[in-house]
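J.: What follows is the residue order along each chain.
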Amino acid sequence: MKHHLLTIAVLGGLIALAVGASEAFGIRLYDRIATHLCISLVLVLGLQVFMGNSGILSFAHIGFMGVGAYTSAVLTIPVQMKGMALPDLYPVMQGIELSPYLAVAAGGLAAALVAAVVSFPLMRLSDAAAVITSFALLVVLYTIMTHWSEVTNGPRTLFGLPKATDLWTAAVVALLALGAALAFKESRTGRLLRASRDDEHAAAAIGANIPLLRWRAFVVAALFAGIGGALWGHFITSFSPKAFYLKETFLILSMLVIGGPATVTGAVIGTFVVTVAYESLRALEGLINEAKLIDQPVIGLTEIVLAMAMIGVLVLRPGGLFATREIGVLVARQMARWETRSWTGKPPTAPSTTPTPKNPKTSG
Amino acid sequence: MTFAIQFLIDVLSLGGAYALMALGLVVVFGILRLVNFAYGELIMVAGYTMFLVSGSGLPWLVMAAVAVVMAILASIATDYVAFRPVRAKSVTAVLITSFAFSTLLQNAALLFISPRPRTVPLPDMFSQVVVIGGVITPMRNLITIAAAVILLGLFALLMRRTVLGIAMRAAATNFTMARMLGVPSNVIISAAFAISGLLAGVVGLLWIGRIGTVVPGIGLGPLLIAFIATVIGGMRSLSGAVIGGFLLAFIDTSLNYTLPQDLLKFRDAFTFSLVILILLWRPEGLIKGPATGQRT
Numbered sequence: 001m002k003h004h005l006l007t008i009a010v011l012g013g014l015i016a017l018a019v020g021a022s023e024a025f026g027i028r029l030y031d032r033i034a035t036h037l038c039i040s041l042v043l044v045l046g047l048q049v050f051m052g053n054s055g056i057l058s059f060a061h062i063g064f065m066g067v068g069a070y071t072s073a074v075l076t077i078p079v080q081m082k083g084m085a086l087p088d089l090y091p092v093m094q095g096i097e098l099s100p101y102l103a104v105a106a107g108g109l110a111a112a113l114v115a116a117v118v119s120f121p122l123m124r125l126s127d128a129a130a131v132i133t134s135f136a137l138l139v140v141l142y143t144i145m146t147h148w149s150e151v152t153n154g155p156r157t158l159f160g161l162p163k164a165t166d167l168w169t170a171a172v173v174a175l176l177a178l179g180a181a182l183a184f185k186e187s188r189t190g191r192l193l194r195a196s197r198d199d200e201h202a203a204a205a206i207g208a209n210i211p212l213l214r215w216r217a218f219v220v221a222a223l224f225a226g227i228g229g230a231l232w233g234h235f236i237t238s239f240s241p242k243a244f245y246l247k248e249t250f251l252i253l254s255m256l257v258i259g260g261p262a263t264v265t266g267a268v269i270g271t272f273v274v275t276v277a278y279e280s281l282r283a284l285e286g287l288i289n290e291a292k293l294i295d296q297p298v299i300g301l302t303e304i305v306l307a308m309a310m311i312g313v314l315v316l317r318p319g320g321l322f323a324t325r326e327i328g329v330l331v332a333r334q335m336a337r338w339e340t341r342s343w344t345g346k347p348p349t350a351p352s353t354t355p356t357p358k359n360p361k362t363s364g
Numbered sequence: 001m002t003f004a005i006q007f008l009i010d011v012l013s014l015g016g017a018y019a020l021m022a023l024g025l026v027v028v029f030g031i032l033r034l035v036n037f038a039y040g041e042l043i044m045v046a047g048y049t050m051f052l053v054s055g056s057g058l059p060w061l062v063m064a065a066v067a068v069v070m071a072i073l074a075s076i077a078t079d080y081v082a083f084r085p086v087r088a089k090s091v092t093a094v095l096i097t098s099f100a101f102s103t104l105l106q107n108a109a110l111l112f113i114s115p116r117p118r119t120v121p122l123p124d125m126f127s128q129v130v131v132i133g134g135v136i137t138p139m140r141n142l143i144t145i146a147a148a149v150i151l152l153g154l155f156a157l158l159m160r161r162t163v164l165g166i167a168m169r170a171a172a173t174n175f176t177m178a179r180m181l182g183v184p185s186n187v188i189i190s191a192a193f194a195i196s197g198l199l200a201g202v203v204g205l206l207w208i209g210r211i212g213t214v215v216p217g218i219g220l221g222p223l224l225i226a227f228i229a230t231v232i233g234g235m236r237s238l239s240g241a242v243i244g245g246f247l248l249a250f251i252d253t254s255l256n257y258t259l260p261q262d263l264l265k266f267r268d269a270f271t272f273s274l275v276i277l278i279l280l281w282r283p284e285g286l287i288k289g290p291a292t293g294q295r296t
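Chains as they are written, first to last, in our numbering: chain A, 1 to 364; chain B, 1 to 296.
Just so you know, the hints here were simulated from the structure itself, not pulled from any lab data. Be a bit skeptical, because a hint or two may be false.
[To be verified] Straight line, CA to CA, 25 Å or less: simulated BS3-like cross-link-like pairs of lysine-lysine:
hint, chain 1, residue 1, chain 2, residue 2
1, A, K82, A, K163
2, A, K247, B, K288
3, B, K89, A, K242
4, A, K82, A, K247
5, A, K242, A, K163
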């Protein structure tokens, strides 16, 4: 438990630092990047809840982000704008206008509800079949979002959402998501699920109801994704279904994989690393385009670099940057090491008396 | 009667293409338990090769052969770059690297060629129509059926009659045991990727023949079809992939004819939901593969 408080302190400190730095600089661009970072954190932590604990790759996550975003949009677009933004909306829903905060929660609940209904049968599948069906689910959700003109305005851009998400709300939600992801990891469901991840047969033999456990994690993950999507919608204020497809999936997945899917720390650090890399690469692309070095615009460079980084991480460090241990454990161990040193009064070069590995930072 | 012939030709030509796509995916999955997300990009490679050699003035068949060879080379390169280094690691790791590699290839096409569609040269034969039993049919449908029959026949012959084919089937059943009996694993895996590339190249030409242009994202449609067909048919059975391809074509064509216009745009959603239902009933797919062997 102490370790988890430490983990929350370290990672929460990191989020606070990002917010503080952005506030201190006061540049709009940094404000935008920091808010994006916090929203990505919510999404990546959600994916970690399912993928990290169950060990199954889910492609459907971004689809649930879309469910959350559209639910919240329909509930919050001002009544006088609805005729323009959603001309075909069902008459029953035309008079509804909720406060964005309520709508964000509703978006999360809607995503969780959809996930609960459609995923229950799918959780029986493992390995490749599970991944392919989650991919199919993403395509189904995308097809529905693109064609259900009454609610989503079809493939066209939906506009008119009130801008309700600022840096502070996003940061607070990200902190809550951090705590919830850690709490889920240490809950009975989380522990049993990780047992099933490491050995499906052994876990089933001690009585773990694996499909039920996976289903719970999937629903929690969809809740995160829905809330993240709704927050994103109220930040960006206009979007089209294209935002909830493979490109975004790739980005969120790269954050989790580079950081390490098995740990909450990995999810957080991966989000930070990839966000910084992504934004700098995008800036670089912009610079090249502005300088007109080549006669056609440069696009896709960012994704190429990220894809190579992802393959590189999987080849060299298959578990990601933080493969098994949360940062709290690593910090606590390092502190214990210093304490033993100061008690025994030995010089720092002497071999440590505790059986700690040589380099705890990288031993995970 | 004319409707029956129309329906039959539609199902057979679509099913032939779907079956070839699914077969190309499953031939790799059977041996390596590896879902190749970069499979669709092989079709993209074939398309862009056609575009790049289109100015050379060569006969169309030579250009097509070059495109298929490029798809085969790209497939073998995929193995060396993206899969060989992580093959021994978890299934998820392999899935993610292939997804990353697919993104990489697509964005390379975006960066080095263009995000806009590029025209691909096609022989006149593709746009001609013929009349069979009172039904007007595009010639390319008949070409697709012929190509599917020839390739499926050759593939069956290869798997049943040649040493390579028997070794590949042995490897698909129990890879470790096959290796212990002297089957060279790397040769088998490269051969599987080469066959996968060949099928993707041919399907790519037929697929692009329907549209006439190539874009970086062209591989997504065929990839999804191949995924779904293999899942329906049974992930590890070669005949299952072929049956799955034809069944999926049958479902798609029937929905095309029966769904009302305003529901037709949701066709993909219907098809995929149906697939999810089939999986609930038979998680292993319609046809079970050989008994489980260990992945390398």
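J.: All hints, please: hold or fail.
T.: Verification of the hints:
no.: 1; hint: A:K82 x A:K163; in the structure: holds (16 Å)
no.: 2; hint: A:K247 x B:K288; in the structure: violated (34 Å)
no.: 3; hint: B:K89 x A:K242; in the structure: violated (33 Å)
no.: 4; hint: A:K82 x A:K247; in the structure: violated (29 Å)
no.: 5; hint: A:K242 x A:K163; in the structure: holds (20 Å)
In terms of the numbered hints stated before, the structure departs from hints 2, 3 and 4, listed from lowest to highest.
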